[in-house]
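Peer 1: Construct the entire structure; sequences and hints are all you get.
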Amino acid sequence: MIKKNIFILVIFLFCLLLITCGKKNDVEKITAKDTSKTIQTKDTIQQNKPIEQKQDHSDFKIFWADFKKAVNAGDKEGVLKMTTIPFEDRYQDVYNKAKSLTSKSPQKFLENYDKIFNNDVINTINLDLYRGYSKEIADDENGPGQDIIDKDDYLLMVQSKGGEPLLSMGLVFVKKDGKYKLAYIPYVE
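For the sequence shown, the numbering used here begins at 607 and goes up steadily by one.
The set of hints was computed from the structure by calculation and includes no laboratory data.
Ideal placement from N, C-alpha and C gives every residue a C-beta, glycine not left out.
Among the hints, erroneous ones may be present.
Unchecked claim - The calculated lysine-lysine pairs, modelled on DSSO-like cross-linking and capped at a C-alpha distance of 27 angstroms, are:
#1 LYS674 / LYS781
#2 LYS757 / LYS710
#3 LYS609 / LYS675
#4 LYS682 / LYS785
As the list claims (entries may be wrong) - Taking CB as the label site, the calculated pair distances span:
#5 ASP726 / LYS675: 17 to 23 angstroms
#6 LYS705 / LYS757: 28 to 34 angstroms
#7 ILE691 / SER766: 26 to 32 angstroms
#8 LYS674 / LEU716: 28 to 34 angstroms
#9 GLY784 / SER740: 21 to 27 angstroms
Peer 2: Structure, rendered in structure tokens:
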């Protein structure tokens, strides 16, 4: 009986020892993981700093993600960096010069920012309702014609809350010097 109790005690101590050693290894693994994450994050931040300042906007999807993020954050300076100056309002320049949002300087663009990026525009940006050039749109039922944008350009046709396009408000993004930028509000008949 004593041998049986000693045997059970030895097995119990052995199991306890295994559990304790296993937990120590788990703690070491967690610590090692946390350390590697910290190092990896620091490395990533250091590697990404130059990328954040010189983002690759030659790809429209990368540009769009950054543009959308800046608009949603209210980062007017960030949006300005992704905009061509002069920024043109080709619609109001034709229909009502007094309401034109054409901005010939960065300061004027920042003054016009809240008029350009109203709630309808921001909502449409968040719905990702942009499109590229379309030969089908250019060659409609009226015969060969022109799309309101050129090849390589993208159009955001702003929708009202009712879902109707606002002819006076669209945004065109063009590739300039190999990078996409917001360029103008298109003229639409």
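Peer 1: With reference to the structure, classify each hint as holding or not holding.
Peer 2: Tested hints:
Distance restraint check for LYS674 and LYS781: the Cα-Cα separation of roughly 17 angstroms lies within the 27 angstroms cut-off, and the hinted pair is therefore satisfied. For the proposed pair LYS757 and LYS710, the alpha carbon gap of about 25 angstroms is at most 27 angstroms, so the pair holds. Restraint check: the Cα-Cα separation between LYS609 and LYS675 comes to about 73 angstroms, which exceeds 27 angstroms; the hinted pair is violated. For the given pair, LYS682 sits about 19 angstroms from LYS785 by alpha-carbon distance, which is consistent with the 27 angstroms threshold.
Range check, ASP726 to LYS675: Cβ separation about 19 angstroms, and the 17 to 23 angstroms hint holds. For the pair LYS705 and LYS757, the supplied restraint of 28 to 34 angstroms holds, since their beta-carbon distance comes to about 30 angstroms. Remark: the range hint 26 to 32 angstroms for ILE691 to SER766 is upheld by a beta-carbon distance near 28 angstroms. The supplied range of 28 to 34 angstroms is broken by LYS674 and LEU716, whose beta-carbon atoms lie about 19 angstroms from each other.
Taking 21 to 27 angstroms as the suggested C-beta distance range, the pair GLY784 and SER740 conforms, at roughly 23 angstroms.
Hint check: violations occur at hints 3, 8; the rest are consistent with the structure.
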